[in-house]
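Chemist: Need the complex rebuilt from these two chains, each delivered in its own frame; the hints are there to steer you.
Protein chains in written order, with my numbering: chain A, 1 to 528; chain B, 1 to 71.
In case anyone wonders, no lab produced these hints; they're calculated from the structure. Incorrect hints may appear among the rest.
Stated by the list, open to error - With a Cα cut of at most 25 Å, we get these calculated DMTMM-like pairs of lysine to aspartate or glutamate: (1) B:Lys7 to A:Glu527; (2) A:Lys443 to A:Glu521; (3) B:Lys7 to A:Glu521.
Each chain, letter by letter, is given below.
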Amino acid sequence: MALGNIDTVSVAVFVVLFAIFAFLGFWASRWRKGDLSKIDEWGLGGRRLGWLLVWFLMGADLFTAYTFIAVPSGMLANGAFYFFAVPYVAWGFAIALLTMPRLWTVSKNKGYVTASDFVKDRFNSKSLAIAVALTGVVAELPYIALQIIGMQAVLAVLLVGLTGVASKTVLDVALALAFIVLALFTFTSGLRGAALTGVMKDILIWITVLTVIVYVPLAYGGFAAAFNNALHNSVTVNYAINHVKKPIPYSFLPPTLIPAYFSTALGSALALYLYPHAINGSLSSEDKNKLKLGTSLLPVYGVGLALLALFGILIYAVPSALALVVKLANGAVTVPALVAFTMPDWFVGLAFLAIFIGGLVPAAIMAIGVANLLVRNVIKEFKKDLDPRTESTLAKIISTIFKFVALGFVFVVPATYAIQLQLLGGILISQTLPPVFLGLYTKRLNGYATFAGWGAGILSAIALIVEANAKFGVIKTSLFSTPLGPIYIAIIALAINLAVSVVGSAIASMAGWRPETKIKEEEITKEM
Amino acid sequence: MIHMNGKFYIAMGIAFLIDIIIYSIFPYFNTATPSIGGLTLFYSYQIILLLVSTILFAAVVLVVRENGSKR
Chain A
1 MALGNIDTVS VAVFVVLFAI FAFLGFWASR WRKGDLSKID EWGLGGRRLG WLLVWFLMGA
61 DLFTAYTFIA VPSGMLANGA FYFFAVPYVA WGFAIALLTM PRLWTVSKNK GYVTASDFVK
121 DRFNSKSLAI AVALTGVVAE LPYIALQIIG MQAVLAVLLV GLTGVASKTV LDVALALAFI
181 VLALFTFTSG LRGAALTGVM KDILIWITVL TVIVYVPLAY GGFAAAFNNA LHNSVTVNYA
241 INHVKKPIPY SFLPPTLIPA YFSTALGSAL ALYLYPHAIN GSLSSEDKNK LKLGTSLLPV
301 YGVGLALLAL FGILIYAVPS ALALVVKLAN GAVTVPALVA FTMPDWFVGL AFLAIFIGGL
361 VPAAIMAIGV ANLLVRNVIK EFKKDLDPRT ESTLAKIIST IFKFVALGFV FVVPATYAIQ
421 LQLLGGILIS QTLPPVFLGL YTKRLNGYAT FAGWGAGILS AIALIVEANA KFGVIKTSLF
481 STPLGPIYIA IIALAINLAV SVVGSAIASM AGWRPETKIK EEEITKEM
Chain B
1 MIHMNGKFYI AMGIAFLIDI IIYSIFPYFN TATPSIGGLT LFYSYQIILL LVSTILFAAV
61 VLVVRENGSK R
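The following block holds chain B by itself, in its conformation from the complex (with noise of 0.2 Å):
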């Protein structure tokens, strides 16, 4: 049975989980075209998901309440 305070590391998990699908689709992006900035495919899609993981990361923090913890 999963706990109660466990909410925010399932939370996490899934979104760690989600992370390594989107930097891990090969296929899709690496490829030296299109080029974004002069800078191939491969480098400019993985650039702009440490954005994605950002906030991905910073929103299941903010939205996620651990239960039991002391404010």
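Same shape as in the complex, but just chain A (with noise of 0.2 Å):
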């Protein structure tokens, strides 16, 4: 039996956008052609996109498998908590403002690729530029994970719908299909690439949210008929997901939870633009008044991420898609079970395609953030003589092999808590912070005694993770309980992080250290 308004023209309809998506992306590597033999050529489009392109490559990482499947997917199992993605956007940005000028500046200035090679310089550390590189790659794969998830619930809706059967077989030959298309599609045309298809994406998901968000409301009797259906179901729905026979909180925000709602929006704001690929975007910006104008304009798509996120409150509107939610006991789900019962068979198609490539192309951009770092950063560090065209050729090999390692990451956490594995990276990435995003204001921390803050972050941090997450067996939460209430485990490392960092490097001032920075002031904020 089929489900919804799911039929073969919805199924012709995906497979011809996808295979339009993948002609772009094999022809972006001839367009502006640069010598893509070259690694910074590869990774960076040739640091030549303008901002109008620049704002569509960063608002293109913001419409991810996170914000159509991970967000809400969390408001629906847990309630208006998982809105702390509103705040984080916001802050995100202006974090942004605050730090990648500087950086897309000084590594302009002294040819940079990655934040690791900033740091490098600016403590005089290698130690330290490696263990920024490494988190930086080991943050990246539960968040490619995530977008994994993002695409294997489009799927699963989509043959569910075909087929009327679920089968596990079926959904995995056409996730390692995808997996494929992408690993050629990263491997021939880079960023470039991956910008010009964010362009399209970027065109599908707004058709697809704005419509949805329009559409719906006004048919199912909007928002109102949503929350008063959820205060009668909600305790169903509490029950088949977490198997908690209590009614999920929607109307607003517990008080109880807004330690924990403040901090997980500022620790992942202060996590955001220390991602690797966060950074290879910035720098990629031809300009750097570009590169202001068009972060500072990037809270704009924050608001289609709210709406997506109140997509998992609007299920309530749509009883049979929430029944299939109910059903298939999974979160993840949400977002494309209400595509399927509400639209036409040819908008199913399209729309289902935008989620899923709104996973594919993060995950390519990722990727290819993680092989600069791991290639430029660690591995040249030991091993020096590597020729430019046996690095690029490791780079492309690495950014194909990352993602099917991140395919692992997809067991530890359940699809509905999908969210928590973006959680996980951005405790581990924030840790970077100190000499990251200090590191451009101050040169008076001390290299060793930042390395030791790090250290103190990182271990700190996975011994919380572990003990928040005992009673559970898998990934569940990124709060831990304090005297002020749940804070978000990346705020608490942080501040044992910072701690470790000023004292260290004021014991080492007093110890007679001063600062031996390859970087002077004024290249990070004046073009030379």
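Modeler: Below is the structure:
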């Protein structure tokens, strides 16, 4: 039996659009030609992207499986708390404006491609630079895994709708195929390919978001009806997904969760522009003023994120879609299910493709960031005589391998809590804040002290994650109970990290240490 | 002493602080009523703030020139 409005037309639209997408990716490698065999050409689009394209590219990073799958799933399963993604987005771009123009300037002056390049010169410390690079690599993996869960959720609903049966083998095959295409696509076109397909993805995503958010409320009695239904049905949903027989708080945030809400938003915002893919995107801008203007306009994209988050509540207005989520006991299918039951068949195909490539494109961008980082800042530290061609080939191969490694993370976190993968990445990557962000403002942090701070931050983060999730056996929370209330572990670990870095630097300074940075202050603020 | 090139970053820092404050006055917006378009105040307030944030940040970028940047 078919499901909702999914039929062969939906599948045909999905396949045709995917073919166009794949073609665009391959074609992009020939667009505004540079020598793609050089790594900074391949990884940074030859630094020739304009502000409008940078705006699209950075915005495309925001509309990922995080936005489409993880946040709505969290909203449905746990309520208002997961709306923290909204202040997170606003603050994240403020932090980007405080840091990325400086990093862009110093990178242009000194020829840096990654944050780790900067840290190495700034602190005159190879070990700190390697620590920053490795943290970036590891933190990206769960984030890539989140994208995989997103693509899987779309295919799950598409295939259930088409066949009436949810066969795991069919899913695995479909996912494997998608990955081969992604791997080929990343391998041949790099960031430029991702940027160009990002434009197609954003157009499809905006069509999807705007259509659904306008149509569904009008056709099904709106948010008022959804909130009203939620009042009556949330216990059933909570029991199906969480095995808890209590209503889910949707109308507003339970006051006990305010510290959790604030700290998760702030911690995620601090982490956002430490991720290698975000830094990679910022450094691609051709001009500092374009970068600043593009970034300052990004919170507008957050409106789309907020509306998508609310799909987690809107689904209560469409009982048949909600029934599918309950039957599968999987919050990750919230948005695909809502689309499948409310939109015409051809539009379902279009929207599903938008969500599918919404995972695929960022996964490619992230894998490129990770590959650049590992080759440049880890492997080359140990093997100095890599020629540019070998370096470029190695980066391409690693980016392909990592996409498959990330698959492993899918099994650590239940799909409904896919957002925990991103929060986990955030906890790790935020530990690179002192060397990268503070390093852009001061040279007075000592390399050894900052390295010790990083170590203390990472170790305490891991200990707190393990402790907080010990009772689950899988990762379901990124919060740790403190006397102040539940706090996002990234903030606690970062506080420990900062304390060690600052106190250690003060001690070093008293012992007669003076900064030996290879970067002049004006090289951070002024284009030379 | 604040060096010459810091003007943009100071302005942006202040804009960030303002943004944190308007997103943190929970007693004023963490309620179900009034609802706007069927959305409780908790959600509608924070969505409107996204537009406010954009205007705030873009204004800083457009108004406060960074000294020494090559045009």
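Chemist: Flag every earlier hint the structure violates by its number, smallest first.
Modeler: No numbers; nothing is violated.
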